[in-house]
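**Student:** Can you make the complete structure from the sequences, with help from the hints?
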Amino acid sequence: MSTTIQPQTILHELAELWVTLGKESAPDQGSGVLRACTMTLLTVVEESEDTSDIWSVMAALMPEHPSRAIVIRFRPSAERALSSRVFSQCWMPFGQRRQICCEQIEITASDASLPDLPAVILPLAVADLPVVLWCRGARLFGLEDFPQLASIAGKVVLDSAAMGGAADILGRLDGLTRSGRILADLAWTRLTRWRQMLAQIFENRGYLARLAKVQQVRIGFGGGAPPPGAYYLGAWLLDCLEGAGARPSLTWDPAEKAVKGELVRVELNAAEGDGLRVSIALSGDPERQCAEVRVNTLANRTVFARDNDYTLLRQELSIPGRDPVFEKSLARAARMAHAE
Amino acid sequence: MVVIFGANGDLTKRKLLPALYRLAYERRLSAGFAVLGISRTPMTDDQFREKMSSSVEQYLEDSPFDKEVWTGFARSLFYMAGDVSDPQTFSKLAARVREVDAERHTGGNVLFYLSTQPSQYAEAAKGIGDAGLARGEGWRRIVIEKPFGHDLASARELSEKLHEVFRESDVYRIDHYLGKETVQNILAFRFGNGIFEPLWNRRYVNSVQITAAESIGVEGRGAYYQEAGALRDMIQNHLLQIMATTAMEPSATFQPDAVRDERAKLLRTIRIMKPSEVLENSVPGQYGPARIGGADVPGFRQEQGVGPESQTETYAAVTFFVDNWRWAGVPFFIRTGKRLPKRVTEIAIQFNAAPHAVFGEHGDETTPNLLILRIQPEEGISLRFLSKRPGAGMNLRPVSMDFNYGSSFGERSPTAYETLLLDAMIGDATLYTRQDMVEASWAVVEPILNVWHEHKFDFPNYAAGTWGPKESDDMLARHCHTWRRP
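Going down the list, the sequences are from chains A and B. Under this note's numbering, the first residue of the first sequence is numbered 398, with each subsequent residue one higher. Under this note's numbering, the first residue of the second sequence is numbered 6, with each subsequent residue one higher.
Because the hints were derived from the structure by calculation, they are not lab data. Values in this document were obtained by computation on a predicted structure and should not be read as measured data. Each hint should be verified, as a subset may be incorrect.
What the hints assert, rightly or not - Pulled from the structure, derived: some chain B residues nowhere near chain A, Cβ distances all over 10 Å:
#1 Gly14
#2 Thr46
#3 Gly143
#4 Met399
Said to hold, decoys possible - Which chain A residues face chain B? A few, computed with CB under 8 Å, are given here:
#5 Ile402
#6 Pro404
#7 Cys434
#8 Arg477
#9 Leu479
#10 Ser510
#11 Ala516
#12 Pro520
Claimed, not checked - Under the rule of at most 35 Å between Cα atoms (straight-line distance), these lysine-lysine pairs were calculated in the DSBU-like manner:
#13 A:Lys725 x B:Lys393
#14 A:Lys725 x B:Lys475
#15 B:Lys131 x B:Lys97
#16 B:Lys131 x B:Lys166
#17 B:Lys347 x B:Lys279
#18 A:Lys654 x A:Lys725
Each residue gets a CB set at the ideal place from its N, CA and C atoms; glycine is no exception.
**Tutor:** Written as structure tokens, this is what we have:
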């Protein structure tokens, strides 16, 4: 592998790519290539990861979030090594004759070359548009020079569920948020469906009126210790309930048989006689999960579609700036995890 | 006939001859066209033709090298050895011009192109005059390359020397930036459309940023650059001309002097800084060593021909204000530098934000409309605006609407030198710089140079591969702005 790459060469290759695509598109037939871009999406992964999966996610995202996608594959090595390749992703929207194409750049680097990368990435970022960095590994997030690379991005997306101890990682994320960095945590994004189902219950005015009487929140999860998602959900629920006038306690409910780190159940209980017992519990195998939503004696079952990288990232890319609800929940979740 | 002084130099090989060949390829040159090259190196006509053949083939941009066209074009190339400092050169030149004229029937029209050291301009002009070459049967014009002096006094002195031989209307001061399609397109964009010009003023424009960035260093020109610096090399000429084109009033016609009058008027309205204002509104920088893409890149002081304590700026950023009715209070932020992250020249016109945040937290009110006029490397125009994201809810995000010269038109754009050489031959000076414009530019830049010269700066103050020194960001912060990321 080579040890140097020139950003100017990559930019030149990108320009050539558009010329080629333009020629291939046979403009005399009324078609042509439309260049679309709303951001630079920078993804850092371990070299051992299958990049075809990553590019599949990018391809799925492109119609809604057309971007210049840059994937950096890191190899744990103390020797400096850098290489790059440039290609494009095109699709033809249904019923149209014009292709939409986005630029894709793949860079392979060793850990030792990380300090060399900001000067490569900076010129490759599309002018005036946001840069989002998606970090897919705990080891990468922990590398000494990672903050320099992250400083190019306006928003950093990561997944605390895959990053070890909740107290440690939530504390770090909260610290970064307080320093002004805009973060997104996919462990939080996975809660969207849980939060939606809970919110839908309280669209019933009768239940909403009894919200202030909730005394206990129970959150069930796989494994022995609460994962970051459990802390987030707990923090969000406590904030919401306290906002409604309740003063509930929070109880963890480890489920030995469930997949470690996954949320399986949430309960909101008022005192006996106050008439509100809410629970949402997941069942079924991981690929075809169902959620049983129970309010007092009423029960409903609904499909609980499992999120994947595409659905999670799609949600996060739709939030261009700060997510104040996430940041508030993160701050409380970090305090809770630290206190335990 | 084009007489090129410095015919063995880089500019001739890389730019002038490829441009002339391309004009020949497009049948834009008259049948009696000829090139007579002069430099100190002894060469025959055939040797010169051979040398130019390989240069043209190597440096021709976006165009095929057609051997048949070259064969015909090569017949119009002639050469003579001569030293500008030797008066006999010009009497020999006069004889050679007559010979070539007799052979090619040029009609007595001669364009003298000085592709020499600037210090030789006055000497060359005098030699041309003394040999009686400045007047003849046809027209006689002279083209000179920047720098047009190194300060206001020397610019005036140079003009006086040129005017002893040529009328101002026959002096063509070339600024290749003005020959670029997009720079010309600024005029078409502003004055050919009805929708933009009403917005082109202080009521709607918040600020203007002009960036001319180079990713390379001084590349062997350290000794020259050490004497020039970024302010002289780029801002005094190219960027102030671009600023003038962007901000000038519409001219009544597209006649050369009508356009140049407006450009000159704008340059004269740029506020001249008092010495006490200079360090508040300008920032010099010099790059230090760094690693870029895994390769070690030397700092400016480590470049060949540069002193280890050099105080020459490789980066310059200046805030200008235009004191006229249209632009009062609108800052024009101009920056240029070597070893910045990428090669790019752009003008960004930032409009005021919407007066009321209708969309609250869903609308990104911090993203103002931005009109980008891209000059290089990809010529084009982009407009950034907010758009609703498809789907539920009223979420806005910035989108960019692009017009790209390369992909929008099926035909190739001429290079700046093709445009400018042809203009000089047909006597259209619209894109050339006039004496009063040069002097107005120096009047703006000289106070900055004087203050910088008196100061000792703590160089290097930016690492190669970054967007310049922190002080430059601070300068914009004082005006409540930030540099955009091109």
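**Student:** Each of the hints needs a verdict: does it hold here or not?
**Tutor:** Going down the list of hints, with the structure as the test:
Every beta carbon of chain A lies more than 10 Å from that of B:Gly14, the smallest distance being close to 25 Å; the non-interface claim holds. Under the 10 Å C-beta cut-off, the non-interface status given to B:Thr46 relative to chain A holds; the minimum distance is some 33 Å. Every C-beta of chain A lies more than 10 Å from that of B:Gly143, the closest at about 42 Å, which supports listing it as non-interface. Listed as a non-interface residue, B:Met399 keeps its Cβ farther than 10 Å from every Cβ of chain A; the least gap is roughly 12 Å.
Evaluation of the A:Ile402 hint against chain B yields a held restraint, the C-beta minimum of about 5 Å falling below 8 Å. Look at A:Pro404: its Cβ gets to within about 6 Å of chain B, closer than 8 Å, so that hint holds up. For A:Cys434, the interface hint holds, since its Cβ comes within 8 Å of a Cβ in chain B; the closest pair sits about 6 Å apart. A hinted interface residue such as A:Arg477 counts as satisfied when its beta carbon comes closer than 8 Å to some beta carbon of chain B; here the least separation is about 6 Å, so the hint holds.
This hint holds: A:Leu479 has a C-beta 5 Å from the nearest C-beta of chain B, less than the 8 Å allowed. The criterion of a C-beta within 8 Å of any C-beta in chain B is met by A:Ser510, whose closest approach is roughly 6 Å, and the hint holds. The criterion of a C-beta within 8 Å of any C-beta in chain B is met by A:Ala516, whose closest approach is roughly 4 Å, and the hint holds. Given the 8 Å rule on beta carbons, the hint for A:Pro520 holds: about 4 Å separates it from the nearest Cβ of chain B.
Taken as a hint, the A:Lys725 and B:Lys393 pair is honoured in the structure, with Cα atoms around 26 Å apart against an allowance of 35 Å. Between A:Lys725 and B:Lys475 the CA atoms are separated by roughly 33 Å; this keeps the pair inside 35 Å, and the hint holds. In summary, the hint linking B:Lys131 to B:Lys97 is supported, as the alpha carbons are separated by about 15 Å, within the 35 Å threshold. Distance restraint check for B:Lys131 and B:Lys166: the Cα-Cα separation of roughly 8 Å lies within the 35 Å cut-off, and the hinted pair is therefore satisfied.
Between the alpha carbons of B:Lys347 and B:Lys279 the distance comes to roughly 33 Å, so the proposed pair stays at or under 35 Å and holds. Between A:Lys654 and A:Lys725 the alpha-carbon distance is near 32 Å, which keeps this suggested pair within the 35 Å criterion.
When the structure is compared with the earlier hints, no violation turns up for any of them.
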